[in-house]
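Turn these sequences into a full structure, and let the hints guide you.
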Amino acid sequence: MKKVLKLEYLGCANCAAKMERAINKIDGVNSATVNFITQKLIVESEEQGFEDIIKSIQKVIKKIEPACTIKM
Amino acid sequence: MEVNLSKAKKTIIRIGIGSVVFVAALIAPLSGNLNLAIFLVAYFIIGGDVLLRALRNIAHGQVFDENFLMCIATVGAFFVGQYPEGVAVMLFYQVGELFQDFAVDHSRKSIAELMDIRPDYANVKRNGELITVGPEEVSIGEIIVVKAGEKVPLDGKVIEGYSLVDTSALTGESVPREMDIGSEVLSGCINLNGVLTIQVAKEFGESTVAKILDLVENASNKKAKAENFITKFARYYTPVVVMVAAFLAIVPPLVIPGATFSDWIYRALIFLVVSCPCALVISIPLGFFGGIGGASKSGILIKGSNYLEVLAAAEIVVFDKTGTLTKGTFKVTELHSNGISDMELLKLTAYAESYSNHPISLSLKKAYALEIDNTKITDIEEILGHGVKATVDGKTIYAGNVKLMQKIGVSYDTGDIVGTVVHVAIGDKYIGYIIISDEIKEDSAIAIEKLKMCKISKTVMLTGDSKAVGEKVASQLGLDEVYTELLPADKVAKLEELLAKKSSKGSLVFVGDGINDAPVLTRADIGIAMGGLGSDAAIEAADIVIMNDEPSKIATAIAISRKTLRIVKQNIVFALGIKAIVLLMGTFGFANMWEAVFADVGVSIIAILNSARALNVKNL
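Keeping their order, the protein sequence lines are chains A and B.
Heads up: the first sequence begins at 1 in this note's numbering, then just goes up one per residue.
Heads up: the second sequence begins at 1 in this note's numbering, then just goes up one per residue.
Don't read these hints as lab results, they were simulated from the structure.
Hints are supplied without guarantee of correctness; some may be wrong.
To be verified - Chain B side only, calculated, beta carbon under 10 Å to chain A, not exhaustive: (1) H106; (2) N218; (3) R235; (4) S466; (5) K467.
What the hints assert, rightly or not - Just a sample of chain A residues kept apart from chain B, beta carbon distances all over 12 Å, derived: (6) M1; (7) K25; (8) G28; (9) I37; (10) E46; (11) E47; (12) Q48; (13) G49; (14) F50; (15) E51; (16) I53; (17) K55; (18) S56; (19) I70; (20) M72.
As the list claims (entries may be wrong) - No more than 30 Å apart at the CA atoms, straight line, and that leaves these computed lysine-lysine pairs for DSBU-like: (21) K25(A) - K3(A); (22) K222(B) - K25(A); (23) K618(B) - K327(B); (24) K2(A) - K59(A); (25) K125(B) - K147(B); (26) K59(A) - K6(A); (27) K303(B) - K40(A); (28) K331(B) - K3(A); (29) K429(B) - K458(B); (30) K40(A) - K7(B); (31) K40(A) - K450(B); (32) K6(A) - K297(B); (33) K232(B) - K40(A); (34) K222(B) - K450(B); (35) K331(B) - K347(B); (36) K40(A) - K3(A); (37) K2(A) - K225(B); (38) K109(B) - K2(A); (39) K365(B) - K450(B); (40) K109(B) - K71(A).
Fair warning: this is a prediction, and the values are worked out from it, not measured in the lab.
For every residue, glycine included, the Cβ atom is placed at its ideal position computed from N, Cα and C.
See below:
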């Protein structure tokens, strides 16, 4: 399933690229795109365990750009 | 956005105070530890947050980021005794970062403004009252009213009223369109002068305006090759530069006689400051997004940043004929009567064909324009594959193709006729022929001319029409090549042939109406569909959609894509160039921290502002 998440305080385009790469490596994520301009994260993943995937994504984001969060 | 603003204000105040302390430190004739102390105070006020962020990031496992590098660079400056420089560089950096944030914000806002075609409300009739609600709250079938000056909020059909609407938000066209009872009106149009009562046909999520906004927003998800290249480059750039910095800090002082650690550490610090690739990584997608936004303003929907790139390299443009270069409707273009007046020929033929709904018959009736008196027509017989036979005013009229004429034994004009021909006879007497053509669009010739001015090396037309018709149209428009009498499968084969002949760097563009060109649109490097206004099929099928019917917009699209790519390339060359120069100068001791910070933040700001130029699509 495809989910579009809005990111807040995404200030560095390089970080956006790092996040994209890291999120793509998360288990269960089929593909992820981070759009720096629109500040959106598009994730395509399995339906099951989506909650866990979100948690992993949040961890990844926090690690790369601590000020950035997912707007739920 | 409001939160960012207050955050920015706090930062500005903090930097302001810090600067005051800094100036005081510079002026005050202090020495020794007191001197150091006051500079440190200024430093912490200005750059304290950077230090904190660096520490926090390291705690999260992210060591080598901008914050950390800036800290090392400025702390390093303090260590080698350059207190003012340490503070000044941090100040310069912070101010630069602030400008950078503003510039990105400004670009994002400009694009959002450009795309502000979203309607905010709808006046819907419920329970006899007109209430104002959000457009998403209106269901299919409900009645809405759009007053003069208001934006049409949803797609629908006009059930009452007459007005002119401005479609420029969707098509980039300045000429208003007429809306009458029964007209289909699209969301995003601005109602100009009359009140329109509309029955809603699509929900807001499915409306034209929502689809366009969605497409434009998501277009930047499809990244261009240039973007991917820069991202990949950035991955290697930072570690390499940091390693070289480490090398510079340690090796030359040990190896070169007379070289001091403080000198070379300073140079290494310059490397660290220039090691952030942010300028590049930010400005590239901004540039492409600007191009997409600007194109959308001109009524050209580009569905991905990558398509902009490919379009800029367009070398061959292949057109479908019917519906793309021609209107796809039939019109009487020539009357050649024999023994009677032209008007009489037209009248008799129109009467004979009056009961048919074939496009040819319709065009005859339209050309005749006067009312048809049905009492005069008797005995209509349709002869399949040949034409029609009817008794009009007591006379037997035969109207049809050459086979019909041959069948009734009437000799006909065989001249150099190009187009669909209706031969007409009364009894066994030939009274002439009428030519019906598919009208060429008014701006097709200009479209081809503009493409040639764009230095497109080949313009080609593919059609299923007869050789005579196809070649006539091609010569009228000035096309380089034309291939006629093609079946749908032949079109794909022809495209493959053309693809094989083009150069490796150029791309092949196919332009069609999206309805029955799907395979060809997919096979081409870029598929452009025309007439996106009201055609979901067109929007779905192609990579680029031209909202109205004008083929001349193709040249505009190519111009926009070339300008965008030029700006992106300028940014890449500029940013990399400056960084390389500063790194080189730094290695040999000809650069200081100021140049390093400029190469980082200053370059970034310039690149971002340059990217904003991609939004400007006037005069293209």
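Hints and how they fare:
1. H106: 13 Å, violated
2. N218: 8 Å, holds
3. R235: OK, holds: R235(B) within 10 Å of chain A, min 8 Å.
4. S466: 48 Å, violated
5. K467: 48 Å, violated
6. M1: Holds, because the least Cβ-Cβ distance between M1(A) and chain B comes to about 17 Å, which exceeds 12 Å.
7. K25: The claim stands: K25(A) keeps its Cβ more than 12 Å from every Cβ of chain B (closest is about 14 Å).
8. G28: About 20 Å separates G28(A) from the closest Cβ of chain B, which puts it past 12 Å; holds.
9. I37: It is violated; I37(A) is separated from chain B by about 5 Å at its closest Cβ, not greater than 12 Å.
10. E46: 21 Å, holds
11. E47: About 21 Å separates E47(A) from the closest Cβ of chain B, which puts it past 12 Å; holds.
12. Q48: 25 Å, holds
13. G49: Given a closest Cβ separation of 24 Å, the condition holds.
14. F50: 20 Å, holds
15. E51: Per Cβ check, E51(A) is outside 12 Å of chain B; nearest 22 Å; holds.
16. I53: 19 Å, holds
17. K55: 16 Å, holds
18. S56: 15 Å, holds
19. I70: Answer for I70(A): holds, closest chain B Cβ roughly 16 Å.
20. M72: Per Cβ check, M72(A) is outside 12 Å of chain B; nearest 16 Å; holds.
21. K25(A) - K3(A): 17 Å, holds
22. K222(B) - K25(A): 19 Å, holds
23. K618(B) - K327(B): Within the cut-off at roughly 27 Å; holds.
24. K2(A) - K59(A): Since the Cα atoms of K2(A) and K59(A) sit roughly 20 Å apart, the hinted pair holds (cutoff 30 Å).
25. K125(B) - K147(B): Between K125(B) and K147(B) the Cα gap is close to 13 Å, so the pair holds against 30 Å.
26. K59(A) - K6(A): 16 Å, holds
27. K303(B) - K40(A): Holds: K303(B) and K40(A) sit about 17 Å apart, inside 30 Å.
28. K331(B) - K3(A): At roughly 51 Å apart (the allowed maximum being 30 Å), K3(A) and K331(B) break the hint.
29. K429(B) - K458(B): Answer violated: K429(B) to K458(B) is near 48 Å, above 30 Å.
30. K40(A) - K7(B): Cα-Cα ~21 Å, so holds.
31. K40(A) - K450(B): Status violated; Cα separation ~38 Å.
32. K6(A) - K297(B): 25 Å, holds
33. K232(B) - K40(A): Holds: K232(B) and K40(A) sit about 20 Å apart, inside 30 Å.
34. K222(B) - K450(B): 29 Å, holds
35. K331(B) - K347(B): 15 Å, holds
36. K40(A) - K3(A): Given pair K40(A), K3(A) holds - Cα atoms ~10 Å apart, limit 30 Å.
37. K2(A) - K225(B): 24 Å, holds
38. K109(B) - K2(A): Distance ~27 Å between K109(B) and K2(A) Cα, so the pair holds.
39. K365(B) - K450(B): 36 Å, violated
40. K109(B) - K71(A): Roughly 19 Å between the alpha carbons, so the hint for K109(B) and K71(A) holds.
Against the hints set out earlier in the document, violations occur for numbers 1, 4, 5, 9, 28, 29, 31 and 39.
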